[in-house]
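Protein chains in written order, with the working numbering: chain A, 1 to 202; chain B, 1 to 202.
It should be emphasised that the hints constitute simulated quantities derived from the structure, not laboratory data.
Wrong hints could be hidden among the right ones.
Here are the computed lysine-lysine pairs in the DSBU-like style, where the Cα-Cα straight-line distance is at most 35 Å [to be verified]:
1) A:LYS174 with A:LYS22
2) B:LYS22 with A:LYS22
3) B:LYS39 with A:LYS46
4) B:LYS35 with B:LYS2
5) A:LYS174 with B:LYS39
6) B:LYS22 with B:LYS46
7) A:LYS120 with B:LYS174
8) A:LYS174 with B:LYS120
9) A:LYS39 with B:LYS174
10) A:LYS174 with B:LYS46
There are 2 protein chains.
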Amino acid sequence: MKLYDLPPSPNARRVRIFIAEKGLEIPTIAVDMTKGENKRADYLAKNSLGKMPVLELDDGTCITESAAICRYLEEMHPEPPLLGRDPVERAQVEMWNRRMELEILLPLINVFSHTHEMWKGVLTQIPEWGEVCRENALTRLEWLDGEIAGREYIVNGTHTVADITLQCALVLGKAVGVRVPENLANVNAWFDRVAARPTARA
Amino acid sequence: MKLYDLPPSPNARRVRIFIAEKGLEIPTIAVDMTKGENKRADYLAKNSLGKMPVLELDDGTCITESAAICRYLEEMHPEPPLLGRDPVERAQVEMWNRRMELEILLPLINVFSHTHEMWKGVLTQIPEWGEVCRENALTRLEWLDGEIAGREYIVNGTHTVADITLQCALVLGKAVGVRVPENLANVNAWFDRVAARPTARA
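Okay, chain A solo, but in the shape it has when bound:
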């Protein structure tokens, strides 16, 4: 098994932290987008969309999409459970993971894609859309601060993939100038908690 990785990508980081939380060691191969390695035929045969990460199994089967990779690893290595411990909790973890992804990570990726100079001339940038996404992410962080009041971690107080997704979203947020406002005490305390975990630098 090996992981095709894009070190700075929030989606690849989600998988790396997930692997580290499971205590697994999976060899990683960094794919250099700046050299167009992800557009070469051998890589496109693994993921025809040319995206990272990809988990390649020993029989050559390739799994793309970070959430799908995490699901496979959870089934193969159930401990510690990061996707929930029973049907209701698994649904709640999926619900919160998707909220963290669609409501916070995705807008922050849009801020990056639509406003960062790295993508000038590469993507069609619409800075106005980037700014709307920045505001949307901040609005959702404020909503989240109320939601997680009194909880150590997002779902039932237990560390799950939903925490990993938000953690990676906020790391990206810092890089694009969207910081958690100081008055959001619950989100800030939560972030200090995940940042102190031994897997935070995975």
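Keeping the supplied structure of chain A fixed, place chain B upon it in accordance with the hints.
Just chain B now, kept in the frame of chain A:
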């Protein structure tokens, strides 16, 4: 158990078709956004984001996010399997479901949100972004046409939630003027196949 529904929503439709494919009957309650019913305190207590669908369990637990609702229903009612039959296939279904969602459904939702007059004055519309998303969706449909060549359904030829997600995406596509180009024979044949299933009008 009951489902809070938004009849025209592609996400709510995903869940309704999933329920119909399972042969389940779950009472639905239509939430009228035009009357602001989704912003009332009793509904916000079920989903603080004010979105549909929501599955309310008999003990009052509320599950939001269509994929999370489908996962819960799959665990409670495993037959027919719509999320995969073994760990590798479950990862492949998740991968393809997310590709259909993030690469095709989400851009089409953006076309709707950013260009349709229904949202004028309600959302910040950036028509230019809507047009980029329209092109992105069409590019991905062309990619998909090659990917599904020779397959009856998207994942290993078996009907799964990935088919349901794409089906609902293309129903929305028609409503916003993004039709599958005629030369994409595989996608068109696939759509005829899902549209002929007894659950298509769920």
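Here's how the hints hold up against the structure:
1. Proposed proximity of LYS174 of chain A and LYS22 of chain A is supported: the alpha carbons are some 26 Å apart, at most 35 Å.
2. A distance of roughly 33 Å separates the Cα atoms of LYS22 of chain B and LYS22 of chain A; the hinted pair therefore holds under the 35 Å criterion.
3. A distance of roughly 44 Å separates the Cα atoms of LYS39 of chain B and LYS46 of chain A; the hinted pair therefore is violated under the 35 Å criterion.
4. The suggested pairing of LYS35 of chain B with LYS2 of chain B holds, with an alpha-carbon distance near 21 Å, which does not exceed 35 Å.
5. With a C-alpha separation of about 32 Å, the suggested pairing of LYS174 of chain A with LYS39 of chain B holds against the 35 Å cut-off.
6. As the CA atoms of LYS22 of chain B and LYS46 of chain B are separated by approximately 24 Å, the hinted pair is consistent with the 35 Å bound.
7. A distance of roughly 32 Å separates the Cα atoms of LYS120 of chain A and LYS174 of chain B; the hinted pair therefore holds under the 35 Å criterion.
8. Restraint check for LYS174 of chain A and LYS120 of chain B: the C-alpha separation of about 32 Å stays at or below 35 Å, so the hint holds.
9. Distance check on the hinted pair: LYS39 of chain A and LYS174 of chain B sit about 32 Å apart at the alpha-carbon level, within 35 Å; holds.
10. Between LYS174 of chain A and LYS46 of chain B, the direct Cα distance comes to roughly 32 Å. Compliance with the 35 Å bound is thereby established for this hinted pair.
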